[in-house]
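J.: What follows is each chain in one-letter form.
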Amino acid sequence: MIPLEKIGDCKWRIPKSGKMRVDGLIYASEKLLRDLAQDPALEQVANVAQLPGIVKHSIAMPDIHWGYGFPIGGVAAFRPEDGVVSPGGVGYDINCGVRLLRSDIALDQARQKAKDLVVALFRNIPTGVGSHRKDLKLAVPEMKKMAREGALWAVSRGFGSRQEIEHIEEGGVISGADPDQVSEKAYERGRSQLGTLGSGNHFVEVGFAEEIFDEEAAAGLGIRKDFVTVIVHTGSRGFGYQICDDYLRVMDAAVRKYGIELPDRQLACAPLDSPEGKKYLSAMACGANFAFNNRQLITHWVRESFENVFRTGPSQHGLRTVYDVCHNIAKIEKHPLDGKEVPLCVHRKGATRAFPPGHPAVPESYRSLGQPILVPGDMGRCSYVLVGTQNAYQETFGTACHGAGRVMSRHQAKKAARGRSIVRELEAEGIHIMADGYDTIAEEMPDAYKNVSDVVEVVHRAGIGRKVARLKPLCVIKG
Amino acid sequence: MEYKITDHTADIGIEVRGDSLPDLFRNAALALFDLMVFTDRIETVIEKNVTAAAEDPEALLVAWLSELLYLFDTQALLVREAEIMTLDSNRIEARVRGETFDRAKHRTKREIKAVTYHHLKIEKNNSHFTARIIFDL
Chain W
2 MIPLEKIGDC KWRIPKSGKM RVDGLIYASE KLLRDLAQDP ALEQVANVAQ LPGIVKHSIA
62 MPDIHWGYGF PIGGVAAFRP EDGVVSPGGV GYDINCGVRL LRSDIALDQA RQKAKDLVVA
122 LFRNIPTGVG SHRKDLKLAV PEMKKMAREG ALWAVSRGFG SRQEIEHIEE GGVISGADPD
182 QVSEKAYERG RSQLGTLGSG NHFVEVGFAE EIFDEEAAAG LGIRKDFVTV IVHTGSRGFG
242 YQICDDYLRV MDAAVRKYGI ELPDRQLACA PLDSPEGKKY LSAMACGANF AFNNRQLITH
302 WVRESFENVF RTGPSQHGLR TVYDVCHNIA KIEKHPLDGK EVPLCVHRKG ATRAFPPGHP
362 AVPESYRSLG QPILVPGDMG RCSYVLVGTQ NAYQETFGTA CHGAGRVMSR HQAKKAARGR
422 SIVRELEAEG IHIMADGYDT IAEEMPDAYK NVSDVVEVVH RAGIGRKVAR LKPLCVIKG
Chain R
29 MEYKITDHTA DIGIEVRGDS LPDLFRNAAL ALFDLMVFTD RIETVIEKNV TAAAEDPEAL
89 LVAWLSELLY LFDTQALLVR EAEIMTLDSN RIEARVRGET FDRAKHRTKR EIKAVTYHHL
149 KIEKNNSHFT ARIIFDL
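Residue numbers (the working numbering), protein chains in the order written: chain W, 2 to 480; chain R, 29 to 165.
Careful: at least some of the hints might be erroneous.
[Claimed, not checked] DSS-like, lysine-lysine: derived pairs with alpha carbons at most 25 Å apart: (1) W:K20 to W:K7; (2) R:K133 to W:K415; (3) W:K226 to W:K116; (4) R:K76 to W:K186; (5) W:K258 to W:K279; (6) W:K146 to W:K116; (7) R:K152 to W:K415; (8) W:K416 to W:K32; (9) W:K226 to W:K279; (10) R:K152 to R:K76; (11) W:K57 to W:K116; (12) W:K280 to W:K335; (13) W:K258 to R:K32; (14) W:K138 to R:K149; (15) R:K133 to W:K138; (16) R:K133 to W:K135; (17) W:K186 to W:K57; (18) W:K416 to R:K32.
Bear in mind the hints are in silico, worked out from the structure with no lab data behind them.
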């Protein structure tokens, strides 16, 4: 049993013990903690606290669940001089993330076309195992260019606009990308997968703003009640998985070379100030930039699908990127530590950056509001838009949650879905689903997830994010 | 199929068994494809040699399965049969047989992103070997 002390409303501490270098800090309600009782995630929070150079706390967001090495929903920051970087603290799907689009299409209009829309999206966006666009397979030199340039690559080829990339975290390009640190294998795996959704929890969801909590912020982000929104959730596909895989092997050797003691092999890491650590960060940036491009291309096909179904042009549908955030990333950012702003390597694995109003990294148009945080829920209930806060900047390295978090394993979900038609159940609630994989819908059914509202409530109450709007799904495509 | 699915909150784990170490590696490969597609319609029309190397048997199991995932992602190869030619603690050579993935023919189940090292274990009991592997989805 991992000991927990309550230290505030929705805040818990795992006191430093044994080889832990810092405390664990958990954001959760009592209800969410009960779900965690059987989950090894809390032990993983304590394991991360053992890594060299970690500062302040090993943090867990309210959607935390069991990952490999690092928990999903984990946040940890390391000093550049004696800290480490760990591919396991980012995950296989480098820059798995979420993009939110707003539109000028009213709910009534969308309801009538929801069935056509789901079919059009499913046809235009490659979805599921082994699926890709026949018109898009890049040669390796082009892949390298894309990995260096980030979303600008897609935009300069007509997929979206330059203004759009200002609304992507880091302007759609993680700096320091060095394509020569990425293996041939990663290029081979990635070249036919650019512009594909993938499978598992990835999706494109058309929904609408069901409730606005903060009128001013919603208006600032362009979100209107009962108007259509679109969420794109995907990452760096085989390109990122291969980069992670390659560097896990490099890190396995680095752990021995630098004599780093680890409680779990999957936490393999290297000093930030080592050739291995630096190479990983430059390869990871390439993976992250692939993911930005992936969401940029899919956004383009979302627009095309809307234009086909509603027979309109861009000026009528008004589908614009509100924001695009990374869920799985390690970045060098400046944060307050002991009264000074210092560079730290912040790992967010299944967590979202949540910078406060006034922060220079927040796009100018949103600077007075704070950075948008996008929190998708399951395919039946709802998703949330929040904005970052000063409190998050002080407590969590400017980080909030990323989703609902699973509560059932895929195996349990399949059992629970036996004899039911999840598609028909959702249709009865006005939600149209299309999925490629036979098991996907059962494994991803709403009951398999925590209620995202419980998760968001913790974030809001703990003050590490502020609720702006709740979105309700209309149609969803999955892999 | 000589494997069963074990519980993991976010991803999917399997427990696979084999009468010998080569048999275990073979069954793990077949399990990997069984998690991705319905394997009954994979024909054995392509043959390919696959090798992988790693520093210990557990890491070798990850490397072997990762190589097969790589072949699927880059050449769309679905594997139905795997013949282990040589296997020692840090190298495997195998001949696999299968077919190119065809969306119209092979019904998909789910995508496997990667083979993890998490809670990875190969155990020898009296008469057989078992391995626990967690896949990232």
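J.: Which of the numbered hints are not met once you compare them with the structure shown?
T.: Numbers 6, 7, 9, 10, 11, 13, 14 and 17, in rising order.
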